[in-house]
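Throw the hints in and build the complete structure from the sequences for me.
Chains as they are written, first to last, in this note's numbering: chain B, 1 to 379; chain Z, 380 to 889.
Please keep in mind that the hints were generated in silico from the structure rather than gathered at the bench.
Treat the hints with caution; some may be incorrect.
Result set (EDC-like, lysine to aspartate or glutamate): computed pairs, CA atoms no more than 20 angstroms apart in a straight line [what the hints assert, rightly or not]:
1. K564/Z to E511/Z
2. K770/Z to D758/Z
3. K241/B to D646/Z
4. K241/B to D745/Z
Computed spacing ranges between beta-carbons, pair by pair [stated by the list, open to error]:
5. V19/B to E747/Z: 54 to 62 angstroms
6. A495/Z to P355/B: 38 to 46 angstroms
7. R252/B to G804/Z: 41 to 49 angstroms
8. A783/Z to S286/B: 38 to 46 angstroms
9. A732/Z to I147/B: 20 to 28 angstroms
Don't be surprised by glycine CBs; every beta carbon is placed ideally from N, CA and C.
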Amino acid sequence: MSTPYAKLPAWADYGLIPVINLAVAFIVAGFVVMLVGENPFRAAVILVEGAFGKGTGIAFTLFYATTFIFTGLSVAVAAHCSLFNIGTEGQAYIGGLGIALVCLSFDSVLPWWVIFPIAIVAAAAFGALWGLIPAYLQAKRGSHIVITTIMFNFIAASVMVYLLVGPLKPAGSQAPQTRNFLAGAELPKLNWIIELFGAKIRSAPLNICFLLALVMAFLVWLLIWRTRLGYEMRTYGHSPKAARYAGISETRIIITAMMISGALAGMMALNPVMGDQHNVAIDFVSGAGYVGIAVALMGRLHPVGIVLAAILFGMLYQGGAELAFEMPAISRDMIVIIQGLVILFAGALEHMFRPYIQALFASVSPKSVGMQAVKGTGA
Amino acid sequence: MAQAAIELIGINKSFGAVRANRDINLEVARGTIHGIVGENGAGKSTLMSILYGFYQADSGEIRVGGKPVSINTSNDAIALGIGMVHQHFMLVDNFTVLENVILGAENDVLLKSSIAKARSELDRLEREYGLEVDPDAVIEELPVGLQQRVEILKALYRGAEILILDEPTGVLTPAEADHLFRILKQLKDQGKTIVLITHKLREIMAITDTVSVMRQGTMVATRVTKETTVGELAELMVGRRVLLRVEKGQSEAGAVKLSVKNLTVKDSRGVTMVDNVSFDVRGGEIVGIAGVAGNGQSELLEAISGIRHAVSGEVMLDGKPIDLTGKADPGELRDRGLAHVPEDRHHVGLVLAFEENENSILGYHDDERYLKGPFLDVDAIMADAKDKIEKYDIRPGNPRLKTANFSGGNQQKIVLAREMEQDPGVLIVGQPTRGVDVGAIEFIHKRLIAMRDQGKAVLVVSVELDEIRSLSDRILVMFAGRVVGERGPDATEGELGLLMAGVEHQEAAE
Numbered sequence: 001m002s003t004p005y006a007k008l009p010a011w012a013d014y015g016l017i018p019v020i021n022l023a024v025a026f027i028v029a030g031f032v033v034m035l036v037g038e039n040p041f042r043a044a045v046i047l048v049e050g051a052f053g054k055g056t057g058i059a060f061t062l063f064y065a066t067t068f069i070f071t072g073l074s075v076a077v078a079a080h081c082s083l084f085n086i087g088t089e090g091q092a093y094i095g096g097l098g099i100a101l102v103c104l105s106f107d108s109v110l111p112w113w114v115i116f117p118i119a120i121v122a123a124a125a126f127g128a129l130w131g132l133i134p135a136y137l138q139a140k141r142g143s144h145i146v147i148t149t150i151m152f153n154f155i156a157a158s159v160m161v162y163l164l165v166g167p168l169k170p171a172g173s174q175a176p177q178t179r180n181f182l183a184g185a186e187l188p189k190l191n192w193i194i195e196l197f198g199a200k201i202r203s204a205p206l207n208i209c210f211l212l213a214l215v216m217a218f219l220v221w222l223l224i225w226r227t228r229l230g231y232e233m234r235t236y237g238h239s240p241k242a243a244r245y246a247g248i249s250e251t252r253i254i255i256t257a258m259m260i261s262g263a264l265a266g267m268m269a270l271n272p273v274m275g276d277q278h279n280v281a282i283d284f285v286s287g288a289g290y291v292g293i294a295v296a297l298m299g300r301l302h303p304v305g306i307v308l309a310a311i312l313f314g315m316l317y318q319g320g321a322e323l324a325f326e327m328p329a330i331s332r333d334m335i336v337i338i339q340g341l342v343i344l345f346a347g348a349l350e351h352m353f354r355p356y357i358q359a360l361f362a363s364v365s366p367k368s369v370g371m372q373a374v375k376g377t378g379a
Numbered sequence: 380m381a382q383a384a385i386e387l388i389g390i391n392k393s394f395g396a397v398r399a400n401r402d403i404n405l406e407v408a409r410g411t412i413h414g415i416v417g418e419n420g421a422g423k424s425t426l427m428s429i430l431y432g433f434y435q436a437d438s439g440e441i442r443v444g445g446k447p448v449s450i451n452t453s454n455d456a457i458a459l460g461i462g463m464v465h466q467h468f469m470l471v472d473n474f475t476v477l478e479n480v481i482l483g484a485e486n487d488v489l490l491k492s493s494i495a496k497a498r499s500e501l502d503r504l505e506r507e508y509g510l511e512v513d514p515d516a517v518i519e520e521l522p523v524g525l526q527q528r529v530e531i532l533k534a535l536y537r538g539a540e541i542l543i544l545d546e547p548t549g550v551l552t553p554a555e556a557d558h559l560f561r562i563l564k565q566l567k568d569q570g571k572t573i574v575l576i577t578h579k580l581r582e583i584m585a586i587t588d589t590v591s592v593m594r595q596g597t598m599v600a601t602r603v604t605k606e607t608t609v610g611e612l613a614e615l616m617v618g619r620r621v622l623l624r625v626e627k628g629q630s631e632a633g634a635v636k637l638s639v640k641n642l643t644v645k646d647s648r649g650v651t652m653v654d655n656v657s658f659d660v661r662g663g664e665i666v667g668i669a670g671v672a673g674n675g676q677s678e679l680l681e682a683i684s685g686i687r688h689a690v691s692g693e694v695m696l697d698g699k700p701i702d703l704t705g706k707a708d709p710g711e712l713r714d715r716g717l718a719h720v721p722e723d724r725h726h727v728g729l730v731l732a733f734e735e736n737e738n739s740i741l742g743y744h745d746d747e748r749y750l751k752g753p754f755l756d757v758d759a760i761m762a763d764a765k766d767k768i769e770k771y772d773i774r775p776g777n778p779r780l781k782t783a784n785f786s787g788g789n790q791q792k793i794v795l796a797r798e799m800e801q802d803p804g805v806l807i808v809g810q811p812t813r814g815v816d817v818g819a820i821e822f823i824h825k826r827l828i829a830m831r832d833q834g835k836a837v838l839v840v841s842v843e844l845d846e847i848r849s850l851s852d853r854i855l856v857m858f859a860g861r862v863v864g865e866r867g868p869d870a871t872e873g874e875l876g877l878l879m880a881g882v883e884h885q886e887a888a889e
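Next up, the structure:
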């Protein structure tokens, strides 16, 4: 009786409900498109074709998805420890600083496959350190992590502006960015994989960071559900009192979780910096950290869900750009509205339709929601 | 027989595949006290929630005063004159009594006339029923007994003719419970109808006119209280004969395993909760600590188990001191052989969102048996969980099931299995059978006594006097943070009750 609503079978929980939420988001978005006088069905076709129709589109979609996988994982790791890390944005930005220092120092002397591991470590370390300070303040001083990480986003932005218009800017350049990296700091593209399937690609930034992101997703799964540290993080995340009872140090677990979260955020910078632009420019993160919050929520904090949600958001970014290009009435801001609707329905209102679907399942097939159907979730 | 105040006819309610209520028929006569007993999960609370509009029945009919009614919200229930006093009070802690009473019944923007009306109405209710409470007292400063009185006043203020009380005595001293019963009798004499939900059979016998027994979602029997016995009711509840008092042999107390000297503990507000407490627990004995909830027992257990910092004092485990300065690590104490079954299994002893097997290693998750390097040894954990499930008869026997889906009794068994199977030298247990059904109580008591017979030192804290008396070899009574007396297992309930209520002159009465 402690569970008034019996649980849904896993396929409905992880498949059906997100699909329904998405469908509603797109229907409402369709009305918005109608409101500006365009045909919503044609808009949908352009969006999907722009994202998946051609090889180039697919490569762009996966490039954006790579970024969101990193930030989504970052938010999820902290969330499993009941820490709401809003600071992914700033941690990624500072991670970019670490990469810049490594690349600018070594790009003339070392090949990419030596620089890449060093840059990964630097990105992770810089991101982790940017997560460490709010974590320390939370653990030792009780300063709320949401407030401090938001503030650290602003500090990160200011620090980077200072560095990019000053010390890191090449003399005589007008642009607030570092010099372009040499070939030694350029990561190999992955476009050939998509070309294997027969699609043609003109030029797209998809690079090996995508594979790194998938590896990190697997490692996060391993960390959360298969290691002692992950067990302790989840225990603290569900119940700080139980963690205290179990002899888990609150300070240690908060700091560790936030540093891992910050490291993942920092690694996000590898994708645009080394894989695409080959320099560090002002505001290169451009909101990917905040998208990571939506990705993590929509992916139900599970790496598989996060990868899928990241691809969805990659599709919205890429397809949205195409849409803004094809339909002049739909501006960039309209795309942001559509993204907002997806976040609203899939993230914030995630549970809106759940009771109805549960009632439906209970009446159609009582057995499917019975206790016996409740098997392991996630782990 | 008087006219029926409430009739429930053919009530069914399912949650998914779980049939919480099936074909329930119940008739409560006007002006009587009607008891409903049953184990946890028997469906009592669901049935009352249907009557109070929290849930809607899948089928069946409710009649109030002979008329069929539909109750969709608690407002409908209130309009029909049904009031409910919940087990966990629904009061705003930092409001005054008056403000709580009018909450939800306030009718004007500035509250002036509502408050004036409530004040005179409270006055009348106080005089009529002997329900004295200071209307301007702030709730959090009142003892629980008075808070409960405010709940009753709230219901009466809304014109309740039928009063439902859900486990009302769980938080009360025996004296407070007696006072409550006097109030209930008075209400009955004034023509109110009272439905009393409880699992304490003694209360049923003391106060009700009729009693209905529920088991596994069905109504198995209704008896006139005078014509039944505790034994019969217990048997009806469980469906088999039950040992109400577990049998145990003489204790053979050995060396002192746990020694507490001059322990003082303050809570986060700086209020002294444990005041200069000293006692020993020897191997091979069960020491029970009796007392009304909130008299320092919880803080005492937390300090001994290293969860809470102590201000001063000394606790020795096997002759070696436990660090009480705030650096104590519960994990280290576990390694030294101190196992702890906490009072609050929902938030402390278990992580309800975890699978059963994950909870079966909580606190021992850094043990080499369950690890392969930094990784959890999933196979070893699963095998270990299955082993415990079998030994402690935990149902359902699926280690992958989410812990929240186990019943209270089985959750408690998960904690007990985890702590007892570590073979600790000292076991401290808070509220061993709170929210646990009768069948599981018997099992848990037997296990605790088996621990004792193996020569372990067992410290039990419980607010259930019956439990303390049936388990303990020695009984300590706590009141206002101090140990106010020590008694043998044959102490009478009245004697312990007086100590629990802080009556000092007990010595003279003996």
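So, going through the hints one by one against the coordinates:
Note on K564/Z and E511/Z: the hinted pairing holds, with a Cα-Cα distance of about 16 angstroms set against a maximum of 20 angstroms. At most 20 angstroms may separate the alpha-carbon atoms for a hinted pair to count; K770/Z and D758/Z meet this at roughly 18 angstroms. Distance restraint check for K241/B and D646/Z: the Cα-Cα separation of roughly 15 angstroms lies within the 20 angstroms cut-off, and the hinted pair is therefore satisfied. Simply put, K241/B and D745/Z have alpha-carbon atoms about 18 angstroms apart, close enough for the 20 angstroms limit, and the pair holds.
Restraint check, V19/B to E747/Z: a C-beta distance of roughly 45 angstroms breaks the suggested window 54 to 62 angstroms. Between A495/Z and P355/B, the C-beta spacing of about 42 angstroms keeps the proposed range 38 to 46 angstroms intact. At about 28 angstroms, the beta-carbon gap between R252/B and G804/Z misses the expected band of 41 to 49 angstroms. Take A783/Z and S286/B: their Cβ atoms lie about 41 angstroms apart, and the range 38 to 46 angstroms holds.
Look at A732/Z against I147/B: about 27 angstroms separates their beta carbons, and that is inside 20 to 28 angstroms.
Checked against the numbered hints given earlier, the structure breaks hints 5 and 7 and satisfies all the rest.
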